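Chain A is fixed; fit chain G onto it per the hints.
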Amino acid sequence: MSDRFTAALGRKVVSRTSAEELGELARLIVDVKRRQVTSLVVGKGRKAVVVDWAQVTGFGPDAVMVADEGALHQPRDDHEHDAADGKLELLGKRVLSDMGNELGEAGDVVFDPASGAVETLVVGEREVPAASLLGAGSFAVVVKAPAE
Amino acid sequence: MKLLVSGSAIRGLPVVTIDGGEDVAEVRDVIYQPEAGRVVGLTLNKRGFLAGRRSEVLPAETIQAIGRDAVMVADERSLVPPDDAPGEVGAPPSGRDVIGNEVLTEAGASLGRVKDVIVLVGSNGEVVGYEVETPSGGTAYIPLPSQLAVSGSALVVPEATQDFVEDDLVGLGAAVDEFRRRLGI
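Just so you know, the protein sequences line up as chains A and G, in that order. The opening residue of the first sequence carries number 1 in my numbering; numbering runs sequentially from there. The opening residue of the second sequence carries number 1 in my numbering; numbering runs sequentially from there.
Bound-form chain A, shown alone:
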């Protein structure tokens, strides 16, 4: 079963060991070239912490399970600070084709909650398959031009 970023945001993040709620899922960070969710950001603003995807023991429909509180860490490097600050946010980002035409904004990402593999990028009415993702940065997500 696929999951969606817009559905997953706000889901509680729970420790499997203590059953305690550790926070709310605020962002999912994607490595566009690997087409993979690489980490999660829990909480917003200065309280934002990071969970590596490998530390997620179960990405369920009602909660995101991690082993324990130790899975959450403060941003450690520039990449993680950018992630926590929302600079790597895909949702809402401009989507350009490699032919230089704007397709719209990234509205949602469909992914496999078991593996973190990105399946499609939703841009308006259009579903861009993960294989068409070429790159992403502060300005835009670049995708292979769809056949028109």
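Worth flagging that the hints you see were computed from the coordinates, not collected in a lab. None of these values were measured; they are calculated from a predicted model.
Mimicking DSS-like on lysine-lysine, the simulated pairs with C-alpha atoms at most 27 angstroms apart in a straight line are:
no., chain 1, residue 1, chain 2, residue 2
1, A, K12, A, K44
2, G, K46, A, K144
3, A, K47, A, K87
4, A, K144, G, K2
5, A, K87, G, K46
6, A, K44, A, K87
7, G, K46, A, K93
What follows is chain G alone, placed relative to chain A:
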């Protein structure tokens, strides 16, 4: 049916890397080579609020596509110092600006004066026509063959061009293929 964009509309477009999704520059000006009927490169400005000129240029062969919304390049290495660019891009000959030139048919009729070049969207700088100011003061669009004679003050186009003068870019987009087919090129 071809999607077209005028040279002046290309100015100011962001130059975006496909690899990194970053806007590394924006288009300052279009370097057009009339003999070749194509854009051979772009000069650049920096992006951002206090944008100044960027010394690097973008040769057409490193452009992936000139689109409606952005000029796409593989990565930032596509932008090269003028000394490393082909001569017509790094040091374009002066006095070869086609803007203002009179367009004459082979039979000697004036179709007007060139106001702008029209570029094929999605190409790396193929020019398919000109926007001209007609002798009566209006605006018209004419298709170009892939090659034509240029003198520096005037250019001579095939007689058949007269049959393909269009009022707008959409019309020109539809006319280009048929025009070139008629010329057998």
